[in-house]
Amino acid sequence: MATIPVVQNKYEEWRLPSRGASGMISLIIGETALFSMFVLAYIFYIGKSVSGPQPAQVLDIPVFMTICLWSSSLTIWIAERAIEHNRMKQFTFFWGLTIVLGGIFLGGTALEWHRLIYHDGLTISTNLFGTTFYSLVGLHASHVVVGLIMLTAVFIFTLTGHVQQKHAYNIKTLALYWHFVDAVWVVVFTVVYILGR
Amino acid sequence: MADQTLPIGGALDITPQKATKQSFFEWLSEWFITVDHKKLGILYISYALVFMLVAGVEALMIRVQLAVPNNDFVSPQLYDRLFTMHGTTMVFLVGMPILFGFANYIVPLQIGARDMAYPRLNAFSFWLTAFGGLLLYYSFIGGFGLYGVGTAPDMGWFAYAPLTEKAFSPGHAPDYWAIALIISGWGTLGTAINIIATTISMRCKGMTLMRMPLFSWLMLVVSGLTLVTITPLTAAQIMLMIDRYLGGHFFDTQAGGSAVMWMHFFWIFGHPEVYVLVLPAFGIASEIIPVFSRKGIFGYAAMVAASVGIGFVSLGVWAHHMFTVGMSTPTTTFFVLSTMLVGIPTGIKIFNWLATIWGGKIVFATPMLFCLAFLFQFLIAGLTGIMLSAAPWDWQLHNSYFVVAHFHYVLVGAIVFNIFAAIYYWFPKATGKMLSETLGKWHFWLFLIGFHLTFDFMHIPGILGMPRHIYTYMPDRGWGIWNFIETIGAFVQAIAVLVFLYNVVISLMKGKEAGNDPWDAWTLEWATPSPPPAYNFATDPVVNSRRPLWDLKHPEDPDWKYE
Amino acid sequence: MFTGISKVLRRLLFTAGMTIALPVSAWAAGVQPGTNMFAPASKPAREIESLAIFILAITGGIFVVVGGALLYAVIKYRRRKNDDGSEPTQIFGSLQIEMAWTIIPIMIVVVMFLTSARLIFAIQDAPKPKESLAITVVGHQFWWEVRYPKYGVVTANEIHVPVDEATYFKLLSADVVHSFWIPELAGKTDCIPNHVNTTWILPTRVGLYKGQCSQFCGTEHAMMLLRVYVQTPAQFKAWIKNQQKPAVEDPAVAAGREVFMHNACMDCHTIRGTVATGRFGPDLTHLASRDTLGSGSLSNTPANLRAWIKDPDHFKPGVLMPAMQLNNKQLDEVTAYLCSLR
Ligand code: HEA
Ligand code: HEA
Ligand code: CUA
Ligand SMILES: [Cu+2]
Numbered sequence: 001m002a003t004i005p006v007v008q009n010k011y012e013e014w015r016l017p018s019r020g021a022s023g024m025i026s027l028i029i030g031e032t033a034l035f036s037m038f039v040l041a042y043i044f045y046i047g048k049s050v051s052g053p054q055p056a057q058v059l060d061i062p063v064f065m066t067i068c069l070w071s072s073s074l075t076i077w078i079a080e081r082a083i084e085h086n087r088m089k090q091f092t093f094f095w096g097l098t099i100v101l102g103g104i105f106l107g108g109t110a111l112e113w114h115r116l117i118y119h120d121g122l123t124i125s126t127n128l129f130g131t132t133f134y135s136l137v138g139l140h141a142s143h144v145v146v147g148l149i150m151l152t153a154v155f156i157f158t159l160t161g162h163v164q165q166k167h168a169y170n171i172k173t174l175a176l177y178w179h180f181v182d183a184v185w186v187v188v189f190t191v192v193y194i195l196g197r
Numbered sequence: 001m002a003d004q005t006l007p008i009g010g011a012l013d014i015t016p017q018k019a020t021k022q023s024f025f026e027w028l029s030e031w032f033i034t035v036d037h038k039k040l041g042i043l044y045i046s047y048a049l050v051f052m053l054v055a056g057v058e059a060l061m062i063r064v065q066l067a068v069p070n071n072d073f074v075s076p077q078l079y080d081r082l083f084t085m086h087g088t089t090m091v092f093l094v095g096m097p098i099l100f101g102f103a104n105y106i107v108p109l110q111i112g113a114r115d116m117a118y119p120r121l122n123a124f125s126f127w128l129t130a131f132g133g134l135l136l137y138y139s140f141i142g143g144f145g146l147y148g149v150g151t152a153p154d155m156g157w158f159a160y161a162p163l164t165e166k167a168f169s170p171g172h173a174p175d176y177w178a179i180a181l182i183i184s185g186w187g188t189l190g191t192a193i194n195i196i197a198t199t200i201s202m203r204c205k206g207m208t209l210m211r212m213p214l215f216s217w218l219m220l221v222v223s224g225l226t227l228v229t230i231t232p233l234t235a236a237q238i239m240l241m242i243d244r245y246l247g248g249h250f251f252d253t254q255a256g257g258s259a260v261m262w263m264h265f266f267w268i269f270g271h272p273e274v275y276v277l278v279l280p281a282f283g284i285a286s287e288i289i290p291v292f293s294r295k296g297i298f299g300y301a302a303m304v305a306a307s308v309g310i311g312f313v314s315l316g317v318w319a320h321h322m323f324t325v326g327m328s329t330p331t332t333t334f335f336v337l338s339t340m341l342v343g344i345p346t347g348i349k350i351f352n353w354l355a356t357i358w359g360g361k362i363v364f365a366t367p368m369l370f371c372l373a374f375l376f377q378f379l380i381a382g383l384t385g386i387m388l389s390a391a392p393w394d395w396q397l398h399n400s401y402f403v404v405a406h407f408h409y410v411l412v413g414a415i416v417f418n419i420f421a422a423i424y425y426w427f428p429k430a431t432g433k434m435l436s437e438t439l440g441k442w443h444f445w446l447f448l449i450g451f452h453l454t455f456d457f458m459h460i461p462g463i464l465g466m467p468r469h470i471y472t473y474m475p476d477r478g479w480g481i482w483n484f485i486e487t488i489g490a491f492v493q494a495i496a497v498l499v500f501l502y503n504v505v506i507s508l509m510k511g512k513e514a515g516n517d518p519w520d521a522w523t524l525e526w527a528t529p530s531p532p533p534a535y536n537f538a539t540d541p542v543v544n545s546r547r548p549l550w551d552l553k554h555p556e557d558p559d560w561k562y563e
Numbered sequence: 001m002f003t004g005i006s007k008v009l010r011r012l013l014f015t016a017g018m019t020i021a022l023p024v025s026a027w028a029a030g031v032q033p034g035t036n037m038f039a040p041a042s043k044p045a046r047e048i049e050s051l052a053i054f055i056l057a058i059t060g061g062i063f064v065v066v067g068g069a070l071l072y073a074v075i076k077y078r079r080r081k082n083d084d085g086s087e088p089t090q091i092f093g094s095l096q097i098e099m100a101w102t103i104i105p106i107m108i109v110v111v112m113f114l115t116s117a118r119l120i121f122a123i124q125d126a127p128k129p130k131e132s133l134a135i136t137v138v139g140h141q142f143w144w145e146v147r148y149p150k151y152g153v154v155t156a157n158e159i160h161v162p163v164d165e166a167t168y169f170k171l172l173s174a175d176v177v178h179s180f181w182i183p184e185l186a187g188k189t190d191c192i193p194n195h196v197n198t199t200w201i202l203p204t205r206v207g208l209y210k211g212q213c214s215q216f217c218g219t220e221h222a223m224m225l226l227r228v229y230v231q232t233p234a235q236f237k238a239w240i241k242n243q244q245k246p247a248v249e250d251p252a253v254a255a256g257r258e259v260f261m262h263n264a265c266m267d268c269h270t271i272r273g274t275v276a277t278g279r280f281g282p283d284l285t286h287l288a289s290r291d292t293l294g295s296g297s298l299s300n301t302p303a304n305l306r307a308w309i310k311d312p313d314h315f316k317p318g319v320l321m322p323a324m325q326l327n328n329k330q331l332d333e334v335t336a337y338l339c340s341l342r
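Protein chains in written order, with our numbering: chain A, 1 to 197; chain B, 1 to 563; chain C, 1 to 342.
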C-alpha cells in the first residue's frame, strides 16, 4: 500500500472541549427546560386562582435569603480560584462558607413555608397559587438540597485531605451547577415575588 | 511516517481474542455489570426488539378488533389500554431505546473513541430505562384489576387532562404512565448527555466536527434536542402527579386549571419527540445510501446544516397538533407557517440523498432496499404532513385515521424501515456473522407489502370521517372494507417480522463469516475486527478526511484532497 | 434450507393476496357514509374542500417530480451485470444545485401558506350575519347536550338546523375534552371544560349529516355519535314548536310516570313540566321524537328503549347511566311512559 503523504505532526495540538464541561452544560440545558415549564405554568396562572389567599396577601420579599444565596455564588467562585492556585486553606474556608449560605437560604425557605402553611393556611391544594408556588419554589429548593449534598461531600473530602489542586477542574464543574442553581433563583425570584405579587 | 498518518495501520488489532470458558452465570453477570458501550448498545437494541414484539402484538389485537364493524374481540376498556400501551411502548420503549442503542454501539466506533464519555452513567441510564419499561408493563398485573386487565394506562399516549385527573381516572392508570416515563426519561436524559459529551470531547485525532460521520452528527443533534424535549414532558408529568397525589390544581378545570395548558406542555415535548425519533433514522440512511451507491454523500455541509435546522425549527411548531382547540387566528397562522417551513430542510435532505444515488452504482443489498423504501415512503409521509399542516384542512383531518396513516407512514415507513436497514448493515460488525440475504429479501418484500396494505388504505377511512381511538364503528359508515384490508396488512407485517427473527437466530448460529468490512464501507467502525474488542482500537486512530477508509483504499485519489 | 423456507413464504404470500382480493371484489361500491369530507354540504366544509384539493395538487406534483426522479435514479444507476468493479466518479456537492432546491421549495411553501392563511381568516373571523341561529352544545361523557337558548329548547344528540341559514355553535364541556365534528358541514372544534369555543355552519342541502366525538374522552368515546338534520325552514319551525311544549301528560301512562319520578331517574334526567330536573343525563322531554338512543348507539324503538333502561351497559359498556334494577312491570310501564313523550 502506498504511503499517504500528509503533513506530519499536524495534530500535535489536538484539543477538544473537556468531558466534564460538555456533560455539565448539557445537564444545565436540560434542567433549564425543566424549570421553564414550571415558570411558564406559574406565569400562566397568575391571578387565575378562584379562591384566596392571593400572593399579595401572604408573600413577603425574602431579601435576606436571596442575598445569602446570591453571595454564595461569589464565595464559591473565590473557592474555585483558591484551589486553582493551591491555596487549600482559603478554599476550605470559602467552600464551607458557601455551604453555610446555602443552608441559610434553605432555612429561610423552610420558615417561609411554615408561616404560609400554619399561619396563612396556604397549602399546595388550597388554590392554583398554592399549587404553582410550592411546585416552583419547591423544585428550586430541591435543587439547592442536591447541590448542598454534593458541596458537603466535597467539603468532607477536603477536610480529610482527599481534595487537592489536581481536582480543581472537577471542582469547577461542580461549581457550575451551583451557579446554575443561583441563576435559577433570579428567575424564580422575579416571577414569584415581583411579577406575581 | 506512513503509520502516523494512516487511520488504520496501527489501529487494527490482529491478536486473536482469547476464547475463555465461562459458566452461564458468569456470562449473565457480565451482561448485567457491563459498562462497555458495545454491550450496552446490544442490550438496548435487544430490549427494544422485545418490546417491539409486545407492542406489535398489541397492534395486531387492535387490528383484529377493528377488522369488521361492531366487533367484540376485546372490551372497550381493554381496547383503550391496547392503543395507549401500543403507542407509548412504540415511542418510548422501542423507538428511543433502539436508536440510542445504535448510537451507543456505533458512535464511539465511528469517531475513533474507546468508549463513551461516561461509561458508568451509560450503564445506569440503560438500567433506568429498562426499569421504566418494566414498571409500565407491571401495570397490566398491578393495581386493582379494574376490568380484569389491571390498571394499564388507558387515556391515549398524549394523556389529555382532565381525563387523567383523579375525578375521571380514579385508578392508578395515569400514575403508571407518568412515573414509568419519568424514570425512563431520566435514563434517556443520561444517555443524551453522554452522547453529547462523547461526540464533543472524545473524537480521535483529525476528526474535526466537519469530518464526523453523519450518523454521529445526527445523534449529536438528537441528543441536544432530547435535552430540551424530555425535560418538559417530565415537568408536565410531575405536575400531573402533584395534582393526583397532593391535590394540586394544575389541570383541574373545576378550580381554574387549564386543559389547554396540558396540551401545550405535552406537544412542546411531543412534536420535537417525533424528530428525536426520525433524525437518527436519517443518520442511518446517510451512512447506508452512500456505501451502497458507491458514492460519497452529496452536500455533506448542507446535510449537517439541514439537520441542525430541523432540530431548531421543530421546537417551534408544536401547536399544529392543536389546530382544533380554538387558538386565535394569528397563532394558528404562525404555526401553519413554522410547520410548513420544516419541509424545506427536510427537502434538502431528500434531495441530497437523491443526488448521492445519482450517478452511482447501486448495490441492492438488503440494507439498501430498506433505505430506498424509506426514501419513497418518507416522501409520501412528509407530504401528508404538509396536508395536515394546512390548518383548515386539519380541522377536518385532525384525530382521524388520516393522521394515524400519516404518522405510521413516518414511524413505520421511515423509522422502522431504517431500523431494519441498520440491523442488516451493522449486524455483521456486532456479531461477526452476516444475516442471510435470501431471508433478508423475503423480510423486506413481505414487510413492504404488509406496510402498504395497512397504512396506504388507512388514509381512506380518515377521509371518510373515521376518528381514531374508537373501539368499534357502525356498519353504515362504509369504513369496514378498508379496515379489513388494513388488518390483513398488519398480519403480513407480522409474518415479515417472524422471518426477520428467524433470520437473526439462524444467522447467529450458522451465518456466513463477516470479516472486518463486508460492505466495503468507509467509516472507522469497519476498521475494527468484527466483533470489535472491548477497547475498540489498539492504538488511537488518526483521520484526515470524512472517509478515512476510502483514503486507505484509494491512495491514488484520497478524499482529503478535496476538503 | 433457505430455499425451502422461501417456498413456504411464497405460498403464504399467495394465500394472503387471495384473502384480500376476494372481499374487495365482493364489496359493493356506493356506500353513503354521510361523513365524507369530500362531499361537503355547507359553507366552511366546501371552502375547506377547495383548499384540500389545491394542496393535494401541489403535494401531488411534488410527489410525481421527486418520486419520479428517485425511481429514475434507482433504475438507471443500478450496478449492472457487467460492472468492472471500479468506483463511480465521486461528487461532493454543488452550490448552485443546493441553492435551487432550497429556493424552489421556499416559494412553494409561501404559496401554500398564503392560501391556508387566507382561509383561516375567512372561516375563523367570518363576520357574523345578523340573522343566525345560536346553539349551545355541551359535551358530556358520552353524549351531547344541545340547547337553543333563544327558543328555550333543550335536547340531546340530534341537532336540527334550517337550511341556507348560518348556525353558530357555542361549544362547552361538562367534564373532559370532546370534539365536535360533522365532516360534511364543517371542520371539527374541541369542547373543552373551562374554555369556550365557537364554530359555525351554513348548510346548503337538506339532509341528515353524521359525525361523532373525535377527541378521546373515555371508554365510550367510540359511541358518542352525533346527528345533524338540515331541514327546510318550515320543517325546522315545526320541530322547534313541538320541542318548546312541555312534556306530554298522558293519563294512560301515569304508572310509568310514577316509576320514573320515584326512582333515581329524575335525579339525572329532566322532563320539562314534571319534578324531574336532573342535568347529569340527556333531557328526555321529547325523547320519543328522537331517532336514536344512547347518543346514536341504537335506534329508538320501544324494544330498544326497554332494553336500554334495563341495562345500558349492555349497549354501551362503560356508560355513566347505571342499570336501575327495575322489575319487568316497572320496565314496561316506564318504557310506555317514555314512548309517549313525543
Ligand atoms: C417521526 C415522526 C414524524 C415526522 C418526521 C413527522 C413529520 C411531519 N409531520 Fe407529523 N406526526 C407524527 C410524526 C411525525 N411527523 C405523529 C406521531 C403525529 C401524531 C401524534 C398524535 O396525535 O398521536 C403527527 C401529527 C402531525 C400533525 C397533526 C395532525 C393532527 O393531529 O391534526 C401535523 C400537522 O401539521 C403533522 C405535520 C408534519 C409535517 C409538516 C412534517 C414534516 O416534517 C414533513 C417534512 C417532509 C416533507 C415535506 C417531504 C420532503 C420534502 C420535499 C420533497 C421538499 C419539497 C416539499 C415542499 C416544498 C412542501 N404531523
Ligand atoms: C414507532 C412507533 C409505531 C409503530 C412501529 C407502530 C406500528 C403499528 N401500529 Fe401503531 N401507533 C403508534 C406508533 C407506532 N405504531 C402510536 C404513537 C399510536 C397512537 C397511540 C395513541 O393514540 O395513543 C399508534 C396507534 C395505532 C393505531 C390506532 C389505534 C386507535 O387510534 O384506535 C393502529 C390501528 O390500526 C395502529 C396499528 C399499527 C400496526 C398495525 C403497526 C404494525 O406496523 C406493527 C408491525 C409489528 C408487528 C406485527 C410485530 C410482530 C409481532 C410478532 C411477529 C409477534 C410474534 C412474537 C411473539 C408472540 C413472541 N397503531
Ligand atoms: Cu367525547 Cu370522545
Ligand atoms: Cu408534530
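Simulated from the structure, these hints should not be mistaken for lab results.
Just so you know, not all the hints are guaranteed correct.
Here are the simulated lysine-lysine pairs, DSS-like style, with alpha carbons at most 25 Å apart [claimed, not checked]: (1) 81(C) x 441(B); (2) 170(C) x 48(A); (3) 170(C) x 441(B).
Residues on chain B that point at chain A, a partial pick, calculated with CB under 7 Å [claimed, not checked]: (4) 117; (5) 200; (6) 250.
Now the stretches of chain A that chain B is said to cover, found in silico as 3 or more residues with beta-carbon under 8 Å [claimed, not checked]: (7) 36-42; (8) 104-113; (9) 151-158.
Note that beta-carbon positions come from the ideal geometry of N, C-alpha and C, so glycine has one too.
Comparing the hints with the structure gives:
1. 81(C) x 441(B): holds (19 Å)
2. 170(C) x 48(A): This hinted pair holds, its Cα atoms lying about 23 Å apart.
3. 170(C) x 441(B): violated (56 Å)
4. 117: For residue 117(B), the interface hint holds, since the closest Cβ of chain A sits about 5 Å away, which is under 7 Å.
5. 200: Holds - the Cβ of residue 200(B) comes within 7 Å of chain A, reaching about 4 Å at its closest.
6. 250: holds (6 Å)
7. 36-42: Our answer is that it holds, as 4 residues pass the Cβ test (under 8 Å) against chain B, meeting three.
8. 104-113: violated (count 0)
9. 151-158: With 0 residues closer than 8 Å to chain B, the region 151-158 of chain A misses the three-residue bar; violated.
Checked against the numbered hints given earlier, the structure breaks hints 3, 8, 9 and satisfies all the rest.
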